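Protein chains: 2
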Amino acid sequence: MNTLSLQQFLDQEKRQIDDRLPHFIENLEAPSSLKKAMEYSLRAGGKRLRPMLLLATLHAFQKPFHLGYEVACAIEMIHTYSLIHDDLPAMDDDDLRRGLPTNHKVFGEAMAILAGDGLLTQSFQIISSLKSVDDITKIKLIQCISKAAGPEGMVGGQVADLEGEGKLLSVEELQEIHHHKTGDLLAVSVESGAILGKATEEVVHALGTFAKHLGLAFQIKDDILDVEGDEETIGKPVGSDEGNDKSTYPRILGMENAKDKLQFHLSAAKKCLYELDINHTLLLEITEYVGARSN
Amino acid sequence: MNTLSLQQFLDQEKRQIDDRLPHFIENLEAPSSLKKAMEYSLRAGGKRLRPMLLLATLHAFQKPFHLGYEVACAIEMIHTYSLIHDDLPAMDDDDLRRGLPTNHKVFGEAMAILAGDGLLTQSFQIISSLKSVDDITKIKLIQCISKAAGPEGMVGGQVADLEGEGKLLSVEELQEIHHHKTGDLLAVSVESGAILGKATEEVVHALGTFAKHLGLAFQIKDDILDVEGDEETIGKPVGSDEGNDKSTYPRILGMENAKDKLQFHLSAAKKCLYELDINHTLLLEITEYVGARSN
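Residue numbers (the numbering used here), protein chains in the order written: chain A, 64 to 358; chain B, 64 to 358.
Just so you know, the hints here were simulated from the structure itself, not pulled from any lab data.
Accuracy of the hints is not assured; some may be wrong.
Note that the list lumps identical chains together, so a pair holds whenever it fits in one copy or between two copies.
To be verified - In silico lysine-lysine, DSS-like type, Cα no more than 25 Å apart, as pairs:
#, residue 1, residue 2
1, Lys230, Lys99
2, Lys230, Lys168
3, Lys334, Lys322
4, Lys324, Lys334
Here the structure is a predicted model, which is why all the values come from computation and not from measurement.
With the hints as extra help, turn the sequences into a complete structure.
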C-alpha cells in the first residue's frame, strides 16, 4: 500500500466513490422523481476531494480504504446538498455546475430544495447505520460532521458569504468565510478518516489544522483559477466571481500576494503533516495537487 | 405523576419546550442574522405536538420528562425546518404561518433556506451530543429520526404532496402522502419517547402504529378545520386548501365520510394503546384532544 502513487489512488478510489454514491439512493423507498434529482447531482461528479481526503487519511493510519467508503459517500452527499442549495436562484443563482445545468434548472426549484434536504438527512442515516463501526465511533463522527456542516460551520459560512456580497471585505473577513463555507467540511473529512483510523484526539485535532490550511489553499487557488483559468477546463465561466461582485483573494490582495498566500497555506499544511508520526505520502501529494491543479 | 391532567401536562411541558428551544440557538458561534432567523421560527410556537407526544410516551414508561427535553427539542427543530422550507415561494408560497409572517417574508428566501438547513443539521448535533444517554440509544434515535425525516419519510412525502397538486387523488394516494409528510415525524416522536424509555423493539413498533393512526387523524382534522374552522382560531385563512387546489379528505370523500374516517383512526389509535402494558393516560387524552381540537 505504501507505494501507491497519487494518480493510481485517485483513479482507483474516485471510481469506487462514483460507483457507490448512486446505490445509496436507488434502493430508497422514495418518490422516483426525488431519487432522480438526488442522483443527478451526485453523478455530476467533481473531484470527490472530500472522499479522497478521508481515504488518504485512513491510508495514513494503515487502514484499508473500504473502511471509509460509506462515511466518505455521506460527506460527499452533504457537499452535494450544499452545492444544490447554493446554486438556487435565491442564493448564487447559477445555471451551470461542473459544465452541467444545475439541479433546479433540470428539476425545478422545489425539487432542488427537497433533493438537498434529502441528501443532508440521508447522510446521517448512512452514518448511524454503518455495519462495521462501533457506536462510540459513529457518535463521534456524527458530532463532528453535524457541527462542521451546520450553523457553526458550512451553513454559517454560506450566510456570511451572502452577507459579504457587494462589500469590500478585509482578508480576515474573507478567510473567516472560507474557513466555514468550505474549510470546515474539508477538515471534517480528514478528521473522519482519523477517527475511523482510531487516532488520538490530539492527532485528530492536528490533522484538522492541516485540513484548514489545505482548505484555504484550495479556495485561494479557486479564486486564482477564476481569473486565470481556462473556461472549458474549470467548467464554469471565467470571471464569474467578478460578475457576482464577490470578494476574492486576488481582488483584495492583488494577484501576486494571493499567490504568496496560497504558498503560505500549502507550506503550513505540509508542516502539520511532517510533525505527525503517520504515513503521510498521499496527504502530502494531495496538498501539492491542490496547489498545482488547473481545474 | 399518575394524576397529571392533560391540561396541566400541556401547560407545564409546552412551557419547558418553549423556554428551552431558543437556548439551543443563542449560544451557537454562528452569524447573528442566521441565529435570528432560526430563532424566529422556533419561537413562532404552535402546539409542540411532537415534543408533547415524546414526553407523554416517556411518561407512559414512568420516566421523568427531563430525560426527553433535548430530543423533543431536536425533533421540533426538524419540524420547524420543514415548515420554513414548505412555505418558500418555490413550494407552497405561504405568507403567513401561525398568524405570523413566514420566515422568508421576514428574512428573505436565501436566509430562510439556510435557517432550515441549519435547524435540520443542528438537530443531529444535539442528539449526538446528549449527555445523559448512552451511545447505543443515541444511535437508535438518529437512525429512526433521520429515516423519518428523510427521503423515505417527510421529504419524500413533501415531494409526493407537490406532485399531487392539481390532481384528483384517490384516498389511498392521499393517505400515503400524509403518512410520510406528517405521519412519519409524529410516529418517530412517539418512538423516540419509547426508545428513551427503554421499551422493547416490539413495543416501539406498536407505538409507531398508534402514532400513524394519530397522525392521519390529525391531518383529516386539519382538512376539516380548513373548511369549517374559524380563521382567527386556526391562524390561517379558511379555505386555503381549496385556493391551492389541494386534495383534501373532505373534498375526496365528502365531509361526512371524512368525519367517519377521522373517528376510525382515532379508535384504531386508542386500540393500539389499550393493548400495551403501559401507563397510557396522557397518550389517550392527546388522542382525544386531536379529534376535538378547534385549531
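Now the hints, each set against the structure:
1. Only between protomers do Lys230 and Lys99 lie at most 25 Å apart by alpha-carbon distance; the minimum there is 22 Å, versus 38 Å within a single protomer.
2. Taking CA atoms no more than 25 Å apart as the test, Lys230 paired with Lys168 passes between copies only; the shortest distance there is 24 Å, against 28 Å inside one copy.
3. In this homomeric assembly, Lys334 and Lys322 come within 25 Å of each other (Cα to Cα) only inside a single copy, at 18 Å, whereas the closest approach across copies is 70 Å.
4. Proximity of Lys324 to Lys334 under the C-alpha cut-off of 25 Å is restricted to the intra-copy arrangement: shortest distance 15 Å within a copy versus 68 Å between copies.
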